[in-house]
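Protein chains in written order, with the numbering used here: chain C, 1 to 418; chain V, 1 to 418.
The reader is advised that the hints may include incorrect statements.
All copies of an identical chain are treated as equivalent in the list; a pair is satisfied when it fits inside any one copy or across any two copies.
Said to hold, decoys possible - Only pairs whose alpha carbons sit at most 16 Å apart, straight line, appear in this in silico EDC-like list of lysine to aspartate or glutamate:
| id | residue 1 | residue 2 |
| --- | --- | --- |
| 1 | 3 | 383 |
| 2 | 183 | 94 |
| 3 | 115 | 404 |
| 4 | 234 | 245 |
| 5 | 8 | 185 |
| 6 | 40 | 388 |
| 7 | 107 | 394 |
| 8 | 206 | 184 |
| 9 | 107 | 388 |
| 10 | 107 | 383 |
| 11 | 268 | 166 |
| 12 | 115 | 383 |
| 13 | 107 | 384 |
| 14 | 115 | 382 |
| 15 | 107 | 381 |
| 16 | 8 | 53 |
| 17 | 107 | 245 |
| 18 | 268 | 136 |
| 19 | 365 | 166 |
| 20 | 40 | 342 |
| 21 | 206 | 343 |
| 22 | 40 | 53 |
These aren't lab readings, by the way, just hints derived from the structure by calculation.
2 protein chains.
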Amino acid sequence: MQKITILKGNIVFTAVAEKFEVYADSFIVSVDGYIKGIFKTLPETYQNEQVIDHGNRLIIPGFVDLHLHAAQFPQCGVGMTHQLLQWLEDYTFDLEREYQNPEFAEKVYTAFVDKLVAYGTLRSCMFASSSTQGTEILFEILKKKGLGALVGKVNMDTNAPDFIIESTAGSLKGTEYLINKYKDEPLVRPVITPRFAPTSTSQLLKGLGDLAIKYGLPVQSHVSENPDEIAWVKALFNDAKNYSDVYHQNQLFGQTPTVMAHAIHLEKEEIELALKNNVFLIHCPDSNINVRSGIMPIRQYLNMGLKIGLGSDIAGGHKIGMNEAVVRAIQLSKLYSLEHPDDKPISISEGVYLGTKGGGEFFGKTGSFENGYALDALVIEDDEFTSERYSLEDRLERFIYIGDDRNIIARYVEGNAI
Amino acid sequence: MQKITILKGNIVFTAVAEKFEVYADSFIVSVDGYIKGIFKTLPETYQNEQVIDHGNRLIIPGFVDLHLHAAQFPQCGVGMTHQLLQWLEDYTFDLEREYQNPEFAEKVYTAFVDKLVAYGTLRSCMFASSSTQGTEILFEILKKKGLGALVGKVNMDTNAPDFIIESTAGSLKGTEYLINKYKDEPLVRPVITPRFAPTSTSQLLKGLGDLAIKYGLPVQSHVSENPDEIAWVKALFNDAKNYSDVYHQNQLFGQTPTVMAHAIHLEKEEIELALKNNVFLIHCPDSNINVRSGIMPIRQYLNMGLKIGLGSDIAGGHKIGMNEAVVRAIQLSKLYSLEHPDDKPISISEGVYLGTKGGGEFFGKTGSFENGYALDALVIEDDEFTSERYSLEDRLERFIYIGDDRNIIARYVEGNAI
Chain C
1 MQKITILKGN
11 IVFTAVAEKF
21 EVYADSFIVS
31 VDGYIKGIFK
41 TLPETYQNEQ
51 VIDHGNRLII
61 PGFVDLHLHA
71 AQFPQCGVGM
81 THQLLQWLED
91 YTFDLEREYQ
101 NPEFAEKVYT
111 AFVDKLVAYG
121 TLRSCMFASS
131 STQGTEILFE
141 ILKKKGLGAL
151 VGKVNMDTNA
161 PDFIIESTAG
171 SLKGTEYLIN
181 KYKDEPLVRP
191 VITPRFAPTS
201 TSQLLKGLGD
211 LAIKYGLPVQ
221 SHVSENPDEI
231 AWVKALFNDA
241 KNYSDVYHQN
251 QLFGQTPTVM
261 AHAIHLEKEE
271 IELALKNNVF
281 LIHCPDSNIN
291 VRSGIMPIRQ
301 YLNMGLKIGL
311 GSDIAGGHKI
321 GMNEAVVRAI
331 QLSKLYSLEH
341 PDDKPISISE
351 GVYLGTKGGG
361 EFFGKTGSFE
371 NGYALDALVI
381 EDDEFTSERY
391 SLEDRLERFI
401 YIGDDRNIIA
411 RYVEGNAI
Chain V
1 MQKITILKGN
11 IVFTAVAEKF
21 EVYADSFIVS
31 VDGYIKGIFK
41 TLPETYQNEQ
51 VIDHGNRLII
61 PGFVDLHLHA
71 AQFPQCGVGM
81 THQLLQWLED
91 YTFDLEREYQ
101 NPEFAEKVYT
111 AFVDKLVAYG
121 TLRSCMFASS
131 STQGTEILFE
141 ILKKKGLGAL
151 VGKVNMDTNA
161 PDFIIESTAG
171 SLKGTEYLIN
181 KYKDEPLVRP
191 VITPRFAPTS
201 TSQLLKGLGD
211 LAIKYGLPVQ
221 SHVSENPDEI
231 AWVKALFNDA
241 KNYSDVYHQN
251 QLFGQTPTVM
261 AHAIHLEKEE
271 IELALKNNVF
281 LIHCPDSNIN
291 VRSGIMPIRQ
301 YLNMGLKIGL
311 GSDIAGGHKI
321 GMNEAVVRAI
331 QLSKLYSLEH
341 PDDKPISISE
351 GVYLGTKGGG
361 EFFGKTGSFE
371 NGYALDALVI
381 EDDEFTSERY
391 SLEDRLERFI
401 YIGDDRNIIA
411 RYVEGNAI
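Please build the complete structure, drawing on both the sequences and the hints.
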């Protein structure tokens, strides 16, 4: 028995970054969660099926967040005067420790996942904490809500407070336990997650790379966020050619599908390696400003054909809504272009593309409404004044710039309302 | 009969920019709208008065927005790929024209003022449109709501579409009509408002300067936002020494209290003149990024002792909440400091100061909770998790970074709940 979902409304999405596809007052049909087409008039096959009519509202792809720390959610907007390494020490590690307590994990992760749903982030790639049990709780909550997610238990065995690191063997064992429990789930799956090179011994990185290969699992980590961090990595791993190579030597840089957050200060060789290995580089604009890391040269990366997604980077970034990440990516690209006139700013369609299909590609066919894509959709309601006055593209731009969870009145993952 | 207001809660404000004043679980007392003191235990004189107990919530000064365009409110977040002059032509002028229709003005300005109240902007200095009748409607709505505001009918008699400019005499006549009607109001008063130099003839500027002097009224306009605009001004007014001097020659640059928006690309002489004449320079960070104007060198200005306020610049800026302007000012100062290491970023207390007392000074004693200041206050509710875990300063920072109108559960202007 097939499950058919038909939505009606003003359908807008980005099949390519350069422009919006706009289907006013049309039907979008999915069968078993995957899109069969967009129609002005419903084909005969579907005429006896139920239609969910969203009237004059917009129907857009769900947002994709390729980098965030679920465990840092309660810390959004706190300690924002600090730079990266100091911020971790003064605020973050103390918080992440608490997820060893299952009641704490249950309470905070529930609030976090509710917000993720509210703001329309239907697919995400996230760090939990180093607690295996805490991470298991996050898996369960995400499953129950019906979101798509890759979830990583954070691996760290050195260079962080004792109360938050594990032994190398313990870290790998917890990771493999979660892999075995969740690797065959349809929507919420594990991702190999060394926190970042400095908090990993070579043994841990090697063990994690082995797990990635053994189970064919994706990898997430951080790379080249901040000059101090880069210098630290070079001092710690003096046999590596550069920061990226620390991961690459350990089969953690594109040997399986990989996302690397920040990637602001990459050397030429690292860029070539990311390109060759199809590593997704994740632009986290708010975070990069808040902790003073710099501006990713996103136009240059896009011109080179690198794969780019967006991340909220909760809680280096303070806003969970990916519409805000789209806006800030555009804003940063405008500032960057003032100093680099050849690098033209990211347009609104490019911004939306990055926050939907661009990042969505990491999950397969998600983030667009082309045939064969998952029907991951948001229904956007704006005020009467806006809907009367402006074009569908302008209405979408306005939602991206000033909208919030109150404007999102329905959410579908693979055709199921959540 | 005196009107006494007593609020109880966690009181946080900035008497100076460098730090927060924090009074946990205390009483703040105003008599006839002006603050008499903050007390841990209520003095005997007030012990029979009613206390509004806000429990564990924060009580902070209302926000002050020193630059926004009320008429552009419906356009927030639309046309954001344009630069200043093109954006005015393609979107803004058409919208501003509509305020000639009183029903349109009533409907849109009501929605606008409701949002201003919701987001806690209790004092603001705003442009309406060139319609005298439309502007009168805005005055009435603000009065009815009990907000503090300076409102300017926009004066323009050249270099804009015919449908939106007026004759020089007509523009001055409408302005003087509104002055006479509202100059003695307690909270909502007129401000002389040449749109900006390029859309004004010298005759209009002279006439407006004469009105400012005759009635002792404040002045608002734009200065040095964008290199193209500056070049245009120099071509139009070739007897002026610089952009600011166009206003100064016409008694519109500090001869009466003056706010000038943007002020990004000022020449040295202009800075000296602004300093000498106590001109408030208004930093509008979101707008400056959106229309690609550049970054105000705010640390240098502060070091020189210039008076600085913040503006949302609706709708060059897209967010009406002044907490967002505080965040973006901090973020831009961080980016600026990456290139200019001597200019240290704006701290959170400095950001809050700019958005409260810094701008509030333009209205007299507003924006702080020192004795003698107006009791303009917001009551902030955060989630239980935050209030248990973090200090009062951290809670305020978190509200500034991630809060919105839903966190503001009460608002007082001069001691009156609005």
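Each hint, compared with the structure:
When the C-alpha separation of residue 3 and residue 383 is checked against a cutoff of 16 Å, the pair qualifies neither within a copy, at 33 Å, nor between copies, at 39 Å. In this assembly of identical chains, residue 183 and residue 94 lie within 16 Å of each other by CA distance neither inside one copy nor across copies; the values are 30 Å within and 56 Å between. When the C-alpha separation of residue 115 and residue 404 is checked against a cutoff of 16 Å, the pair qualifies both within a copy, at 11 Å, and between copies, at 14 Å. With identical chains, the CA atoms of residue 234 and residue 245 are at most 16 Å apart within one copy only, with a shortest distance of 10 Å there and 54 Å across copies.
Proximity of residue 8 to residue 185 under the C-alpha cut-off of 16 Å is found in neither arrangement, the shortest distances being 30 Å within a copy and 52 Å between copies. Taking CA atoms no more than 16 Å apart as the test, residue 40 paired with residue 388 passes in neither setting, with 21 Å inside one copy and 53 Å between copies. In the homo-oligomer, the alpha carbons of residue 107 and residue 394 never lie at most 16 Å apart, since the shortest distance is 39 Å inside one protomer and 21 Å across protomers. Taking CA atoms no more than 16 Å apart as the test, residue 206 paired with residue 184 passes in neither setting, with 24 Å inside one copy and 76 Å between copies.
For the homomeric pair residue 107 and residue 388, the shortest alpha-carbon distance between copies (14 Å) is at most 16 Å, but the shortest distance inside one copy (42 Å) is not. For the homomeric pair residue 107 and residue 383, the shortest alpha-carbon distance between copies (13 Å) is at most 16 Å, but the shortest distance inside one copy (34 Å) is not. Proximity of residue 268 to residue 166 under the C-alpha cut-off of 16 Å is found in neither arrangement, the shortest distances being 34 Å within a copy and 58 Å between copies. Taking the shortest Cα distances, residue 115 and residue 383 sit within 16 Å of each other only across copies (13 Å), while inside one copy they are farther apart (22 Å).
In this assembly of identical chains, the alpha carbons of residue 107 and residue 384 lie at most 16 Å apart only when taken from different copies (12 Å versus 37 Å within one copy). In this assembly of identical chains, the alpha carbons of residue 115 and residue 382 lie at most 16 Å apart only when taken from different copies (15 Å versus 20 Å within one copy). Taking CA atoms no more than 16 Å apart as the test, residue 107 paired with residue 381 passes in neither setting, with 30 Å inside one copy and 19 Å between copies. For a Cα distance limit of 16 Å, the shortest separation of residue 8 from residue 53 inside one copy, 5 Å, qualifies, whereas the shortest one across copies, 49 Å, does not.
When the C-alpha separation of residue 107 and residue 245 is checked against a cutoff of 16 Å, the pair qualifies neither within a copy, at 38 Å, nor between copies, at 60 Å. In this assembly of identical chains, the alpha carbons of residue 268 and residue 136 never lie at most 16 Å apart, being 39 Å within a copy and 61 Å across copies at closest. In this assembly of identical chains, the alpha carbons of residue 365 and residue 166 never lie at most 16 Å apart, being 36 Å within a copy and 56 Å across copies at closest. Proximity of residue 40 to residue 342 under the C-alpha cut-off of 16 Å is found in neither arrangement, the shortest distances being 41 Å within a copy and 59 Å between copies.
When the C-alpha separation of residue 206 and residue 343 is checked against a cutoff of 16 Å, the pair qualifies neither within a copy, at 38 Å, nor between copies, at 43 Å. For the identical chains of this complex, residue 40 and residue 53 are intra-copy neighbours only, at 13 Å inside a copy versus 57 Å across copies, given an alpha-carbon limit of 16 Å.
Hint compliance for this structure: hints 1, 2, 5, 6, 7, 8, 11, 15, 17, 18, 19, 20, 21 are broken, all remaining hints hold.
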